[in-house]
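*Asks:* Reassemble the complex: the two chains are provided individually, in unrelated frames, and hints are given to aid placement.
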Amino acid sequence: DVKVTQSSRYLVKRTGEKVFLECVQDMDHENMFWYRQDPGLGLRLIYFSYDVKMKEKGDIPEGYSVSREKKERFSLILESASTNQTSMYLCASRYRVQETQYFGPGTRLLVL
Amino acid sequence: GQNIDQPTEMTATEGAIVQINCTYQTSGFNGLFWYQQHAGEAPTFLSYNVLDGLEEKGRFSSFLSRSKGYSYLLLKELQMKDSASYLCAGAFSTDKIIFGKGTRLHILP
Chain A
16 DVKVTQSSRY LVKRTGEKVF LECVQDMDHE NMFWYRQDPG LGLRLIYFSY DVKMKEKGDI
76 PEGYSVSREK KERFSLILES ASTNQTSMYL CASRYRVQET QYFGPGTRLL VL
Chain B
122 GQNIDQPTEM TATEGAIVQI NCTYQTSGFN GLFWYQQHAG EAPTFLSYNV LDGLEEKGRF
182 SSFLSRSKGY SYLLLKELQM KDSASYLCAG AFSTDKIIFG KGTRLHILP
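Protein chains in written order, with this note's numbering: chain A, 16 to 127; chain B, 122 to 230.
Some hints could be false.
To be verified - From the structure, some residues in chain A lie toward chain B, with a derived Cβ separation under 8 Å:
{"#": "1", "residue": "L60"}
{"#": "2", "residue": "L105"}
{"#": "3", "residue": "Q113"}
{"#": "4", "residue": "F118"}
{"#": "5", "residue": "G119"}
To be verified - Under 8 Å between C-beta atoms, here's a sample of chain A residues computed to sit facing chain B:
{"#": "6", "residue": "G55"}
{"#": "7", "residue": "L56"}
{"#": "8", "residue": "G57"}
{"#": "9", "residue": "L58"}
{"#": "10", "residue": "V112"}
{"#": "11", "residue": "T115"}
{"#": "12", "residue": "Q116"}
{"#": "13", "residue": "P120"}
{"#": "14", "residue": "G121"}
No lab work stands behind these hints: they were computed from the structure. Since this is a predicted model, take the numbers as computed values, not measurements. We put the beta carbon where it would ideally sit given N, CA and C, even for glycine.
Okay, chain B solo, but in the shape it has when bound (with noise of 0.2 Å):
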């Protein structure tokens, strides 16, 4: 099966820039989703990558690799209200969405 993989936690200060990787499985790759999640609320769409390259939007950006099975969420400037958890989903040919454990992101003042 496909598995995704992300670090299980993070931690990063107020006004600096974090980095999260995803490393996912080619076989079937469609495209690759980007959440937040706040602690006790659903899940709420950032970014769906399916060609190479990286997407801004805002502070968030998200980079995709297809031949190496990678990507990651680039966080700017970053806030106290970005602490969440961020999850990487992968969409593949037999049209399920693959999520990851989820990065917990702490942000220090």
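Extracted from the complex, chain A is given alone in its bound form (with noise of 0.2 Å):
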């Protein structure tokens, strides 16, 4: 089974922490996903990254930024929290395009 993990299930940050949060995936799948998850809006893609080193802009990202050194491991940056970055955010990854997403159990990130 593809297994994806999360750094962190729940996250409690202050306003202009630089914040951090890691997935990793063992299945050596090429694509892997951020998003987030808000009521009433849906999963929206913060970035994606075909293979390593490589990164794409998604919908929303303002105030994020990536990093993907080896191909399991896709980091999500928050470089200056903000309130408005309170999230569900989850970390998804697939082999190829047009197989499914395999998503992670999600970070619950409270910025105070």
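*Replies:* Put into structure tokens, the structure is as follows:
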């Protein structure tokens, strides 16, 4: 079975802090994604990566950056956390285009 | 851009059948995913339709009409554990997956 893990299930941070969310997949997937999920807005794509050291902006990249130094690991960085970044963050990976994404358990981030 | 539309909420009775509809814009469309998401958990894959027609997987079936830009997820013999959100997601030629906002399904005993 594909396993996608995220570094934290719950996280509380203060406004202005730098926040790192890490995602690791164990199935040698090429593609990895970061989404946030908010009530009434659904899943929104922040960034994705097709391969190591490659990254593409999604629909809402502002305030975020990413890093993919190794194939199995995709990190989301909030350079200076703000209260409007309080959300559920979901990482996903897939083997290739047109195949399903497998999601991690999510990180619920609260920014105070 | 591509829009994925599905109802916000639905209610059904245990043991009954429910159909959750999803519509999308057909431009650049490749296929359609359905995911199930229980509260506080990650979405899990249910089905992926590329060709027109109905695909059955146990109590769950998914239908696609490419020409009409329409899909539905059919859940039979509903159980309380089917209470969840159901996400429709379109795969497009831009390689992006566009998610609908999800349909929250409530099952009544």
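*Asks:* Work down the list of hints and note, for each, if the structure agrees.
*Replies:* Tested hints:
Below 8 Å, beta-carbon pairs count as interface contacts, and L60 (chain A) has one with chain B at about 7 Å; its hint therefore holds. Because the closest C-beta pair between L105 (chain A) and chain B is about 6 Å apart, less than 8 Å, the hint holds. Of the supplied interface hints, the one on Q113 (chain A) holds, with its beta-carbon coming within about 6 Å of a beta-carbon of chain B, less than 8 Å. Checking F118 (chain A) against chain B: minimum C-beta separation of about 4 Å stays under 8 Å; hint holds.
Checking G119 (chain A) against chain B by beta carbon gives a least distance of about 6 Å; that is within 8 Å, so the hint holds. Checking G55 (chain A) against chain B: minimum C-beta separation of about 7 Å stays under 8 Å; hint holds. For L56 (chain A), the shortest C-beta to C-beta distance to chain B is roughly 7 Å, which falls under 8 Å, so the interface hint holds. With its C-beta approaching chain B no nearer than about 4 Å, G57 (chain A) sits inside the 8 Å limit, and its interface hint holds.
Interface restraint check for L58 (chain A): the shortest CB-CB distance to chain B comes to about 4 Å, inside 8 Å, so the restraint holds. The interface hint given for V112 (chain A) is met, as the beta carbon of that residue sits about 5 Å from the closest beta carbon of chain B, less than 8 Å. Residue-level restraint check for T115 (chain A) holds (minimum Cβ-Cβ distance to chain B is 4 Å; threshold 8 Å). Hint status for Q116 (chain A): holds, given a least beta-carbon distance of 7 Å to chain B, under 8 Å.
Taken as an interface hint, P120 (chain A) checks out: its beta carbon lies about 5 Å from the nearest beta carbon of chain B, inside 8 Å. The beta carbon of G121 (chain A) comes within 5 Å of a beta carbon in chain B, closer than 8 Å, and the hint placing it at the interface holds.
When the structure is compared with the earlier hints, no violation turns up for any of them.
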